[in-house]
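The residues making up each chain are set out below.
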Amino acid sequence: MAFTSLAFLIFVTAVVIVYYLTPDRHKWIVLLLASYGYYLQASAKSFAFILVTTVVTFYGAKYIDREDKAQKAYAKAHKAELSRDERKALKEAANKKKKRILTLVLVIDFGILIVLKYFRYYLEVLGIGLFKGDILIPLGISFYTFQTTAYLIDVYRSKYDADTDLAKFALFVSFFPQIIQGPIARHDQLAKQLYEGHPFRYANLAHGSQLMLWGFFKKLVIADRIGLLVGEVFTDWDQYTGWPVILAALCYSIQLYMDFSGGVDIARGVAQLMGIDMTRNFRRPYFGDSLEEFWHRWHISLSFWTRDYIFFTVALSKPIGNLGKKARKIFGDRIGKMVPVFIGNYLVFLCIGMWQGGELQNVCYGLYNATVICLADILEPYFVKWLKVLHINPSNKAWMAFKMIRTYCIVSFGRIFSNGKSFKASIHMIKSLFIPYTGGFMNAYKEFALTKYDYLVLAVAIFVVFLVSVKQEKLYNAKQAASGGGGGIIEMAGDEEGAGTDAEMREYLDKKSLAVRWGLYILLFTAVLLFGIYGPSYDPAVFIYREF
Amino acid sequence: MARRKGKKLFTKNALKALLFLCIIAAITLFFNHVLGFADAEHTETIMNEFYEQEENSVDVIYFGSSATQRAFVQPVAFHNDGIAGYSLACGSQPFVLTKYIMEEALKTQKPKLFIVEVRGACKPPEELWDVAVRRLLDNMKLSSTKIDAVRDVVEYAEGTDTGIDETGLSYIFPLLKYHGRWNPSKQPKYFTNIDYYKGYTMDWGVCFKCTEIHPLVYTEDNIMPIHEKTEKALIELLDYCDTIDTKVLFVVSPYEASEKGMGKINYAKNIIESRGYEVLNFLPAEQREMLGLNDKDSYYNREHLNYNGSLMYTDYLSKYIKENYGVPDRRGDSKYDSWEEQYDRLVENLDTRYFVNYIDMMEIVNQVRR
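Here the protein sequences line up with chains A and H, keeping their order.
If you use our numbering, the first sequence corresponds to residues 1 to 548, in order.
If you use our numbering, the second sequence corresponds to residues 1001 to 1370, in order.
Hints are computed from structural coordinates only; laboratory data are not their basis.
Possibly wrong hints are sitting among the right ones.
Below, computed lysine-lysine pairings styled on DSSO-like, alpha-carbon distance capped at 27 Å [to be verified]: (1) H:1247 - H:1322; (2) H:1016 - A:512; (3) A:511 - H:1016; (4) A:88 - A:99; (5) A:512 - H:1107; (6) H:1005 - A:512; (7) A:512 - H:1008.
In this text, all values refer to a predicted model and were calculated from it rather than measured experimentally.
All chains, please: the whole structure from these sequences, using the hints.
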């Protein structure tokens, strides 16, 4: 049941109706049943895996929480009797136990993910045919694994208490709008909203529908249309050289953003219908003026996950700290300080690359991003010098625009790896970028399966998204400035908690008159209805057939 | 006070939402109508005109594919023998849908006889064609018959790679299929050299051409089973025929059948005859000769009679059904004037438009007329 299918819309409508007809305290049961129902119809054979992850993580977190509380309670009750060393020993003993359970649960959760998603591929690479037939990859396994492990680690770090109700926790793991493409929710951000019933509010229905409609527009009108061009070149990668490859690489970045962010908008819209605010996963990523900033704006929930659970864990660990000290002696203070950051970055981007699959081209994608970011850090003082020499004002709008375009090109280049059919195909395509296309413009143009009208629709639709994005960015920055934030990268860290709900755009639209709002929505709906790529494809060729 | 205010706000919002949904529905229906597509070349006129026929005015309804559209010249059958018939056929009409077109036809007509072309029963589900399904269903009015037809055809095509919409939804809501028709480069190109006369389809770009065919020798011993799903569809059709008052005659119109095709025709023919229905089979050479057909100038291609051949076929079949199925002669009855009008139109078009570019065929046809 794809998000863009009529069946999904009917399903959502039914769930929303039942949700609001159910008493508040039982509403979570409706969501759990809907989520499990959705999961079963989509991936019944792999249902056991999500159950195992849910149960293991729930009891693991519960044990860790109990152990933590017991130790603290004992220490408090016997404060007078225990010496400082004894208290420390008690704490260490409890930590050991907690760590053992944490490790065990992480091994189980990630073990399932690794075996099902990666193991087979690597065995095949090594020529070991251990598995016969297809291994079923459970629906949303990466999303729910990352979400549950984040919860477990947060409980371990005493960020919040463990969940006490297994059924409710099962809902947190399997909430149907987010199971396919996220965002990866944090327990303290989402769980309470799921468990408490939300009364009917017209505004929720209106805002949810708006977000869904916007998602459909991005996904059906832009992503699926531009995908016809991208798919052609990336599939027949050995047939093209020169500008078609450049065009496909640049267009793939648009396709991926519209597809992914459109899907997340639909998911968040569905949740919003029931009064549940899911964190946003994108913040106009192509407005980022460096690759680093791009990653702060792209797939935010994954970026923050890797930051909180990989980067900080590694970069702030003792061994890496010691390595940093040694590096300072060898490379000097500036570079040496960066070494722990670089190591953290490489691990983070390796994870981000492999999020998409274990293939070599995905590993390369991760390493490419880490390398570019590290190089940018190393070369930063030289960039500043060059700007001075060339008399370029860094806050100049043209320079900012250039940086955004440059970042877009860097991102698009890297994605030749992530979207390549294989490592060989990716390398071939990169080489092809520099070989002129000799097939003639019109020949390639025709092979892309897009008509001139499709190009026109794409141009207008992308321009609309651009205009909306500019408005959103302005509203966001104004809101940040009003609340004391400075804009830019640093405040992004706070984005996940509060500002991440597109509220500013909603507020902006709500202030418009009914006629303007309805006019916009009807226009958007009509655009999706007419220009969306959906339903069985319409092929005129078969209709001009006349030999009966 | 606050409660009353809340109630008022709720009512206001509910009305607002309802109004918005109504606008959305109206837009959807509008575009469904504007962009909805009917294959004008094959079925649109045939189906629309059938719905426009005066109630209970059609005595004979002939079902089949493009061969049927071109084989039986309805206005000539009326002019010569008083048969008030209508060819309710579409190009590559899916045999599995025959039952449902019959059901649809019976909603407005009480015909004396249904004639069913058997050739379609030889085609397996793999040869089903999404376009052919649409030719029929896009033009069928929305009713439980149409919904049943969609369900059946989707089930029939299950497991095949025929392009059939597995959900069946786009047959009910054509906008799902045709919403891309705003794109001028995705518009079908219509041919203008086709006229319709009570379902008889005069494609004057091809109907006056002659192609020599080379039919194989027909033997009844050649039997080849048809696909089990098609056999099931045939049996269900026969079961349905058992329940209606209208008589049913099955025909295999003349064409150049392959060895395999003949075997399947024989297989289907045996099933039909075992259920007590007659099958008029024009595959044997003596049958074709009896009609006056010859392999050289009676066909415009291997599967279709040209105008010359169709006149001979019409002459034989209309007399046959009149004598054997008691189909009344309606000539002289003002209720059936439209058939005579169609005949006059056909004759006028033959002389002023069609024959202008086909002098040879005019001579052949004039010989038949004499």
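Hints, verified against the model:
Using a Cα cut-off of 27 Å, the hinted pair residue 1247 (chain H) and residue 1322 (chain H) holds, with the two alpha carbons roughly 13 Å apart. This hinted pair checks out: residue 1016 (chain H) and residue 512 (chain A) have alpha carbons roughly 16 Å apart, not beyond 27 Å. Of the pairs offered as hints, the one joining residue 511 (chain A) and residue 1016 (chain H) holds, with about 17 Å between alpha carbons and a cut-off of 27 Å not exceeded. Proposed proximity of residue 88 (chain A) and residue 99 (chain A) is supported: the alpha carbons are some 16 Å apart, at most 27 Å.
Our distance criterion of 27 Å between C-alpha atoms is broken by residue 512 (chain A) and residue 1107 (chain H), whose separation comes to about 53 Å. As the CA atoms of residue 1005 (chain H) and residue 512 (chain A) are separated by approximately 23 Å, the hinted pair is consistent with the 27 Å bound. Between residue 512 (chain A) and residue 1008 (chain H) the CA atoms are separated by roughly 22 Å; this keeps the pair inside 27 Å, and the hint holds.
In this structure, the one hint that does not hold is number 5.
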